[in-house]
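Line by line, the protein sequences give chains A, B, C and D. For the first sequence, the numbering used here assigns the number 9 to the initial residue and increments by one for each residue that follows. For the second sequence, the numbering used here assigns the number 371 to the initial residue and increments by one for each residue that follows. For the third sequence, the numbering used here assigns the number 193 to the initial residue and increments by one for each residue that follows. For the fourth sequence, the numbering used here assigns the number 3 to the initial residue and increments by one for each residue that follows.
Take the hints with a grain of salt, since some may be wrong.
What the hints assert, rightly or not - Example chain A residues on the side facing chain B (calculated, C-beta under 8 Å, incomplete):
(1) 28
(2) 281
(3) 409
(4) 411
(5) 487
(6) 504
(7) 659
(8) 664
(9) 693
(10) 697
(11) 702
In case anyone wonders, no lab produced these hints; they're calculated from the structure. Ideal Cβ positions, reconstructed from N, Cα and C, are used throughout, including at glycine.
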Amino acid sequence: MSKYSVIGKRVHRVDGPEKVTGSAKYTFDIVLHNMLYGKILRSPYPHARIVNIDTSQAERLIGVKAVVTGKDTLGRKQSTWRRFPELCDEEILCRTKVRYIGDPVAAVAAIDEDTAEEALDLIEVEYELLPAVFDPMEAIKEEAPQIHEGVELNINVTRHIEWGDVDEAFKQCDYIREDHFKCSSQAHVCMETHCAVASFGYDSKLTIWTSTQSSYYIQALVADMLGLREGDVRVIKPHTGGGFGSKFELDSAQFCASLLSMKLCQPVKIVLSREEEFTATKRRTPMYYSVKLGAKKDGTMLAKEVRVITEGGAYTGMGATALYLTGFFSSFPYKYPNYRYDGYRAYTNTAPASAMRGFGAPQSTFVGESQIDMLAEDLGIDPIEIRRKNGMTPDYEVPGQAHIQSCGLHQCLDKIDEHIKERGELPPNRGIGVSAYGFMSGGIFNWFDTPYAFSAAIVRINIDGKVDLFTGACDIGQGSDTTLSMICAEELGVHLDDIRIHAADTGICPADLGAWGSRETLMNGNAVKMAAADAKRQLLEFAAAKLGANIVYDMDIKDQWVHMVDRPERGLSYFDIVKDTIRGRDGETIIGRGHYTPHRKGMISPAYSFGVQAAEVEVDTETGKYKLINVTTAHESGTVINPVGIEGQLEGAVMMAGGYGFCEDQPMDEGKILNPSIADYKLIRSLDMPETKILEVDTYEPEGPFGAKEAGEGLTNPTAGAIGNAVYKAVGVRINDLPITPEKVLKALKEKKQQAE
Amino acid sequence: MKKELRFTVNGQPYELYIKPKTILVEVLRAHLGLTGTKRGCDSSSCGACTVILNGMAVKSCSVLALQANGGEVLTVEGLAKGNELHPLQKAFLDHGAFQCGFCTSGMLMSSKALLDENPNPTKEQIKEGIDGNICRCTGYNSIIRALTGVVKGEYKEEK
Amino acid sequence: MLIEGKFTLRAPIQEVWDFLLAPGTLASCIPGAEKVEAIDDKTYESVVKQKVGPISVRLKFTTTLTDIDPPRHLKAIGRGADIGKAGIFTQETTVDLTKISKDEVEVSYSSNVSITGRLATFGERIMRAKAKTAGEEFTKNLQEKLKSRTAG
Amino acid sequence: MIRDFEYLTPKTLEEALTLLDKYGDECKVIAGGQSLLILMKQGLVAPEYLIDIKGITELNYIKSDAKEGLRIGALTPHRAIEKSPVVRNGFAVLAEMENRLASIQTRNWGTIGGNLCHGDPAGDPAPVLIALNANLKMASLKGERTTAIEDFFLDYFETALEPGELLTEIQVPVVPPHTGTVYIKFNVIESDLATVGVAVSITLGSSEGICQDVRIALGAAASTPVRAKQAEAVLRGKKITDNLLREAGQIASTEAEPISDIYASEEYRRELVKVLVKRVSREALARAKQA
């Protein structure tokens with residue numbers, strides 16, 4: 009028998025049949041009896057005081073059932089960083105002041121969407137315009153307008169990380185270079201826009217169906233904002249059309265639909281338009297980097313000093329996490345003996361900048377991997393070699409921060425080295441760029457201040473052997489329902505189709521922090537494995553008695569066969585044991601429970617994945633346009649639970665992270681996003697997509713379920729840097745501000761030519 | 371002011387009275403309850419609403435429903451025959467050619483239109499065939515592999 | 193979006209200044225301005241009609257003179273909302289006069305135009321093109337008015 | 003939100019023109035609607051009456067004969083042009099251009115006439131048709147008239163169509179012998195609108211390879227699709243060399259009047275015009291030599 013019978017196999021997704029037949033129901037598809045439709049009025053100004061809102065005309069429009077403004081709220085402010093009251097800065101429905109173009113000021117519920125939209129035009133808002141500031145560098149100046157009361161210099165969050173003696177180390181360096189980078193914004197562009205159906209009934213209980221990455225966060229935040237008990241708020245996540253970091257904060261659709269429903273005792277549905285999705289939901293945090301890097305002649309990196317200012321936008325959201333993590337991951341994946349990071353997040357009058365796949369790590373990886381290539385060139389060292397020299401290894405301690413247990417970085421470097429050598433001599437204007445990366449498997453810091461375990465699961469075994477798995481994990485497309493079902497089946501020794509998963513419904517599932525920070529496989533996987541083991545233990549107790557096994561024999565279940573580990577032929581059918589156990593226990597249901605919170609794993613994460621990526625480009629030197637030809641990734645994520653899932657994560661990351669390097673951007677003018685439609689926001693499509701190749705590297709993570717760790721966001725980290733390095737290899741110009749557009753490449757080529765003349 | 375719309379959807383004839391401003395995707399979703407077809411943008415850019423109208427892939431968010439009067443529409447709900455999945459659906463399952471699934475219906479309909487017209491497309495033609503559809507999850511390559519599998523005859527339609 | 197430029201007029205600086213400040217001079221230079229009405233000595237209201245291809249908008253424009261530093265510097269802020277709620281235009285214009293000689297004045301201007309709302313979504317590409325031509329027309333109008341006025 | 007409208011479906015051109023005349027400013031015409039519906043959804047265009055002409059079959063055709071050249075009915079979908087054997091054999095550049103226009107879904111439903119009447123300076127068909135020296139036929143109750151396509155575009159999204167007039171036919175004259183025509187658009191994302199598009203048609207006099215005639219048309223390089231006449235003058239009457247091609251590109255880039263927007267700055271667009279005019283002309287020349 010092979011070691012595993014379920015995990016590591018190429019299986020169909022558990023939600024597959026529904027999704028390929030169009031029968032999967034998303035929040036977007038939900039229609040309830042007596043349901044109303046809501047729309048939200050948003051500020052057209054980046055910074056203004058609300059003098060008066062006159063809703064009377066809108067209320068008189070036939071078909072309009074309710075109009076709410078900030079006055080109808082409890083006036084509370086929230087954020088996911090609720091451990092820190094000073095960071096709870098977002099009212100959602102503004103009461104006195106708007107802080108960006110798109111800030112909500114009123115919401116309408118009507119019999120249909122058209123009527124609701126018509127009503128928005130009838131709401132008269134009187135604004136007193138205030139001076140606004142858009143650039144974070146300007147925002148932190150003395151004379152800048154203050155965006156939040158009491159926040160000096162508009163500095164929202166600061167973060168300092170330091171180890172070793174940085175100043176002393178720089179003195180010992182043979183070579184030091186200092187560079188500046190700008191990392192742009194990026195939109196998540198989930199195919200399903202933010203949406204919610206809220207139903208508050210005469211029983212005073214609220215149910216919300218919503219497209220979310222964390223039903224638990226939404227439950228807790230909605231309850232607090234509306235003055236309800238958490239237990240009276242049930243949040244259900246139907247199938248969800250993508251998240252990528254945009255859907256684990258309380259959003260305007262969820263809040264306004266709930267508020268309107270409470271007022272009317274009728275279900276209210278709000279679906280954000282694509283334009284609202286671009287302008288009034290959160291986005292990737294733009295970052296301005298200054299980095300000083302020092303090394304010995306042989307390429308040993310001794311010290312790194314990083315200063316970052318991030319454009320925070322109007323509110324905190326998850327932007328504080330982005331600031332923390334960009335600081336930590338600026339040291340990745342290398343062993344810097346001396347390191348210093350100072351990060352500042354500035355409020356600006358722009359759409360709030362927050363979490364997007366990888367938090368701040370795609371930014372820090374672009375910066376770090378660009379600079380290490382520059383350093384390697386200056387010192388005359390091969391890019392792979394310098395990464396080998398400094399790269400992290402298993403059992404490495406990041407001083408005061410993290411303990412790295414498994415780490416396959418060096419095997420990944422070997423594989424990419426081989427790949428590049430195989431490609432051989434390239435034609436002119438072609439180049440391969442390399443980028444190494446690492447990422448966390450879920451976050452440790454409890455900024456949400458939850459008293460619950462980070463992950464939990466319940467396994468219930470039915471009389472027929474069918475298993476109901478209850479978990480708060482949120483499948484937003486990444487496939488956690490499948491991965492967790494596989495883990496449950498493997499641990500319990502049954503088949504995948506024996507499992508029925510019930511996920512992300514706070515009414516029936518234990519709390520889980522949700523799908524962010526690449527945490528579900530490791531954290532929820534551990535909880536599921538523990539719950540399954542708990543249920544299995546109950547079965548094995550009966551089996552042992554029935555088989556009359558000597559107590560020195562260990563028992564297990566595999567492939568629905570309950571048996572002695574050392575004498576697998578001696579055993580009983582799983583189905584018989586289930587029946588016997590239930591009968592023998594006075595009919596008590598078999599329930600297994602599991603939970604997981606990382607302990608003694610440092611400040612950041614219980615485990616880290618690593619990889620190296622090589623991007624090959626061909627540059628047209630007359631126009632600056634380049635073609636992404638191939639992206640090859642050597643990746644290690646511990647034991648692979650769901651190989652089809654990992655392929656999908658990796659190839660999808662190339663589309664998204666390649667887009668970050670290649671074309672995606674959110675240009676602004678006076679706080680207004682200039683491309684708020686998919687026609688104007690450029691995304692990689694099938695004709696632009698490069699070939700992708702995956703080189704698997706085996707590792708085993710002791711902290712993860714069956715040795716697994718993350719394989720989601722980390723893959724978004726390397727691509728922009730790999731592209732930048734590839735363009736440099738191809739034509740010798742380096743672009744330090746994202747995205748690397750043809751226009752920037754051409755301009756750099758011309759400057760290079762002029763300098764040569 | 372409402373007008374009559376007579377057309378067939380997935381082989382079933384319908385007669386409806388609708389406002390002329392109603393776009394096709396709304397008739398399918400709201401009037402007929404066929405919510406498999408999605409809407410992802412307001413600018414005819416994402417392809418999530420793709421259906422086959424009179425044999426051609428169209429974006430049903432950019433066609434007035436009345437323009438389909440007298441026509442034949444095929445949506446994702448019309449692909450499977452009872453509980454027997456269409457070869458494309460099987461291939462999508464095998465190759466993991468979807469994640470969140472929101473673009474999948476449109477992607478399947480573009481794929482179907484492509485293969486109906488050209489049963490032996492090259493890889494470049496497959497890429498062209500789905501270029502009007504955005505997928506934010508998969509990076510397209512698994513979808514291309516799924517279509518390649520169908521083209522190679524690995525997924526036969528049950529007779 | 194910023195539109196900047198300068199030109200020279202043959203006229204005494206005070207005369208140019210007085211004309212600039214005269215009710216509605218600035219407001220009436222906005223292309224498509226239909227009627228200009230003075231609310232007080234610093235505020236004007238106007239209705240502006242604009243058309244881009246198939247789209248027509250009628251904007252109710254309020255122009256306020258915010259900085260007045262005679263006879264050298266003038267700042268006006270204009271805000272216009274489409275009557276059909278399609279969008280909101282804001283523009284901030286500064287005009288600086290520099291005396292070159294006794295009756296020669298250099299007029300330099302900069303105008304920052306911004307559009308929000310559905311009009312802006314429709315296409316930054318189109319609206320920007322239109323705003324640019326509208327901005328150019330505005331300054332052309334201003335120049336012509338000043339020239340004809342100061343010549344006469 | 004689309005505002006309510008009265009929906010009219012004429013079955014003949016005559017009926018359509020009558021309705022157009024009757025409702026004047028209060029109506030809009032929809033064909034495939036691939037551009038108009040987006041504006042209507044935004045509430046930016048809200049006609050009282052919508053005249054749907056897509057069902058007028060008499061305007062959906064592709065005809066070709068040796069004397070008259072190619073005739074395309076205004077309501078012919080892009081995809082029909084792309085796949086038409088007649089077009090592919092005699093006017094390959096048109097099929098190639100259509101193949102790169104937007105997505106298959108849009109090409110299936112959108113029509114060539116609708117595209118031209120939308121008047122987007124970045125549209126693909128216009129530069130190609132200008133290079134091919136096409137004429138447009140328009141009809142109103144007063145009668146018919148024909149204009150050179152390069153005179154059809156007046157400003158951003160403004161065309162020479164008079165009130166009450168419909169575009170009915172695109173006429174492409176017979177391509178002279180030894181002629182090569184090529185269209186290339188530059189964009190970052192393959193299927194996107196052109197950042198700049200260039201179409202060039204070169205006719206060689208005879209075997210000596212003197213450029214007898216040349217037409218260079220630019221898309222997205224001014225407020226309308228335009229001809230780069232000064233650049234044409236560089237090549238006309240000469241034996242084309244690489245130096246001349248470079249010069250033509252250089253001149254065209256000064257002739258163009260592009261704007262800066264979020265996709266490209268004015269300077270970059272000029273640079274693209276320079277490079278593309280050179281490249282496209284070179285390819286057109288190669289085709290002309292083979293023709």
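Verification of the hints:
1. With 8 Å as the threshold, the beta carbon of residue 28 of chain A comes within range of chain B, its nearest partner Cβ sitting at about 4 Å, so the hint holds.
2. At a threshold of 8 Å, the smallest CB-CB gap from residue 281 of chain A to chain B is about 6 Å, leaving the interface hint in force.
3. Checking residue 409 of chain A against chain B: minimum C-beta separation of about 32 Å lies over 8 Å; hint violated.
4. A distance limit of 8 Å between C-beta atoms decides the matter here; for residue 411 of chain A the minimum to chain B is near 32 Å, and the interface restraint is violated.
5. The interface hint given for residue 487 of chain A is met, as the beta carbon of that residue sits about 6 Å from the closest beta carbon of chain B, less than 8 Å.
6. For residue 504 of chain A, the interface hint is violated, the least distance from its beta-carbon to any beta-carbon of chain B being 13 Å, above 8 Å.
7. Given the 8 Å rule on beta carbons, the hint for residue 659 of chain A holds: about 3 Å separates it from the nearest Cβ of chain B.
8. Annotation: interface hint on residue 664 of chain A holds; nearest CB of chain B at approximately 7 Å, less than 8 Å.
9. Because the closest C-beta pair between residue 693 of chain A and chain B is about 5 Å apart, less than 8 Å, the hint holds.
10. About 5 Å separates the beta-carbon of residue 697 of chain A from the nearest beta-carbon of chain B, less than 8 Å, and the hint is met.
11. Taken as an interface hint, residue 702 of chain A does not check out: its beta carbon lies about 10 Å from the nearest beta carbon of chain B, beyond 8 Å.
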